[in-house]
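K.L.:
Those protein sequence lines, which keep their order, are chains F and H. Residue numbers 1 to 292, in the working numbering, belong to the letters of the first sequence in order. Residue numbers 1001 to 1135, in the working numbering, belong to the letters of the second sequence in order.
Just so you know, the hints here were simulated from the structure itself, not pulled from any lab data. A portion of the hints provided could be inaccurate.
Quick list of simulated restraints, FRET-style, between CB atoms [stated by the list, open to error]:
1) F:N13 to H:D1046: 32 to 38 Å
2) H:E1066 to F:K144: 41 to 47 Å
3) H:C1032 to F:D204: 39 to 45 Å
4) H:E1119 to F:V33: 39 to 45 Å
5) H:R1002 to F:H252: 32 to 38 Å
6) H:A1028 to F:A27: 27 to 33 Å
7) F:D290 to H:E1112: 48 to 54 Å
8) F:K241 to H:R1002: 54 to 60 Å
Residues from chain H shown here face chain F by an in silico Cβ test under 8 Å; the list is partial [to be verified]:
9) A1074
10) Q1098
11) D1106
12) I1110
13) C1129
Which chain F residues stay away from chain H? Per the calculated CB distances, all over 10 Å, these [stated by the list, open to error]:
14) V139
15) E168
16) E192
17) I292
Note that CB positions come from ideal geometry on N, CA and C, so glycine has one too.
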Amino acid sequence: MKLSYFPGCTLKNHAKNFEDSALCSLAKLGVEVEELHRWNCCGTVFSLATDDLIHHLAPIRNLIRAKELNSDILMVLCAMCYNTLKRSNERMKNDQESLDIVNDLMYKEEVKYQGDVKILHMLEILRDELKFENIAQNVTKALKDLKVANYYGCYLIRPQEIGFDDPENPTIMEDLTSVLGATPVDFPYKTECCGAYLTVKKPDTVVERTHQILSSAQSMGADVVAVSCPLCAFNLDQRQKATVTKYPEFKHIPILYFTQLLAIALGCPEDSLRFDLHYIDPKPILKEKDLI
Amino acid sequence: MRINISRKTIRDPFVQKVEELSGQNLLACYQCGKCSAGCPAVDDMDILPNQIIRYAQLGLKDELLESRAIWVCASCMTCNVRCPKGINIAEVIEALRQLLLRKRKDHVEIKELTTAEKEDVPPIALISCFRKFTS
Ligand code: SF4
Ligand code: SF4
């Protein structure tokens, strides 16, 4: 299986642990991945105002890059990029007039976009293309005894038209966690917003949410929390620094990308996990469980 | 708080502009309050999401454009997936922000961000913050 791949900005720096662990896992599963040659930032958020067509250029330009690779399926890892690319694509597919304007604005592109690239999140590829049961057969180190709270946040599952699971009670990450041999723990805050970009000007809001979300996961017995979005990862991991200052009784908990758990289970080397990028070090708990 | 409503405010072009920018039919809302019940940001809001819709129906332009609520909404879409009338509340709030941003009334001044605010923050946070809070 061969896929074209859009990384997005943060996977090349702060979230290199996300990218490296995903690419190593996919290679172990026999998937060939080709990164788009000349991609640009997707804009991070889908343009919600009806007349704001100019902000669709960034996502759609990336889909033109996929067409240039003769690829009709584009894989995305970051939940925000996924949401932005997918929603822009849906708008263009369903609204010929907007598509014509967007193509006109990009008149220097040789390829005219026609709405025909399919955007898939890596979780969908694991579930629907590779199939969880086949992944189970490739597990060389089952994540035995590891209790994982799976945090979805907003953009993987909302709005429901683009989400690939139930917007109120998604289970795709729990299902993957089980396949890897770990124990998923359910918790009521798994789809509650972490505060996203409010982290820049209103970090206190994010501290409140981080405290709520992580305390809830801990009360259900979680050892680690798994995420799929670099902004959630930043808020839930780095903002624990300020959370402890505000709530001294709060105990740290490591945040991992679902791809890092997958990579461990598939036997990827530790340098693909890039634990140096974490604020809360996941190594002690993983060592305790004999996983690294 | 005392609020005056009149035919004049209800017919203000502001109402139509909000409907246009958001693509929503404001009068579809029957004030069940489900959007506010599930909104993670209500603690910090001066006007709750269902009130935002009601105010917009009534053309209470100043109350809406001067509210703090429109800047603490993070477009998490929880209200949208729950509204029994299919109203996209997040889009209505976006329309209100846009009305200000399009007059160059930025909510975040990039030049004034402190080192502490920028330090260690990943590109995904800064770019989304600028996309939402600047023109
Ligand atoms: S959930 Fe929908 S119908 Fe109910 S108050 Fe909110 S916008 Fe109105
Ligand atoms: S989109 Fe905004 S108003 Fe709606 S639930 Fe989320 S924060 Fe609240």
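K.L.:
Quick one: are D290 of chain F and E1112 of chain H within 48 to 54 Å, going by C-beta?
P.N.:
holds (50 Å)
K.L.:
Can we keep the I1110 of chain H interface hint, with Cβ of chain F closer than 8 Å?
P.N.:
At 10 Å from the nearest chain F Cβ, I1110 of chain H fails the 8 Å test, so the hint is violated.
K.L.:
Is 27 to 33 Å right for how far apart the beta carbons of A1028 of chain H and A27 of chain F are?
P.N.:
Distance hint for A1028 of chain H, A27 of chain F is violated at roughly 50 Å.
K.L.:
Taking 39 to 45 Å as the stated bounds, is the beta-carbon spacing between E1119 of chain H and V33 of chain F within them?
P.N.:
violated (33 Å)
K.L.:
A range of 39 to 45 Å was offered for this pair. Does it hold for the Cβ distance of C1032 of chain H and D204 of chain F?
P.N.:
violated (31 Å)
K.L.:
So, as I understand it, the hint says A1074 of chain H touches chain F; can you test that by seeing if any CB pair is closer than 8 Å?
P.N.:
holds (5 Å)
K.L.:
Just to be sure I understand the hint, the distance between the Cβ atoms of N13 of chain F and D1046 of chain H should be within 32 to 38 Å; is that true here?
P.N.:
For D1046 of chain H against N13 of chain F, whose Cβ atoms are near 37 Å apart, the range 32 to 38 Å holds.
K.L.:
Q1098 of chain H was flagged as interface toward chain F. Is the shortest Cβ-Cβ separation under 8 Å?
P.N.:
Since the shortest Cβ distance to chain F is 5 Å, the answer is holds.
K.L.:
Per the CB criterion, is C1129 of chain H less than 8 Å away from chain F?
P.N.:
holds (4 Å)
K.L.:
Per the stated criterion, does the least C-beta distance between V139 of chain F and chain H lie above 10 Å, as a non-interface residue requires?
P.N.:
About 30 Å separates V139 of chain F from the closest Cβ of chain H, which puts it past 10 Å; holds.
K.L.:
Measuring from beta carbon to beta carbon, are E1066 of chain H and K144 of chain F in 41 to 47 Å?
P.N.:
violated (56 Å)
K.L.:
Just checking, I292 of chain F versus chain H, shortest CB gap more than 10 Å?
P.N.:
Holds, since 25 Å exceeds 10 Å.
Hint violations for this structure: numbers 2, 3, 4, 5, 6, 8, 11, 12, 15, 16, all remaining hints satisfied.
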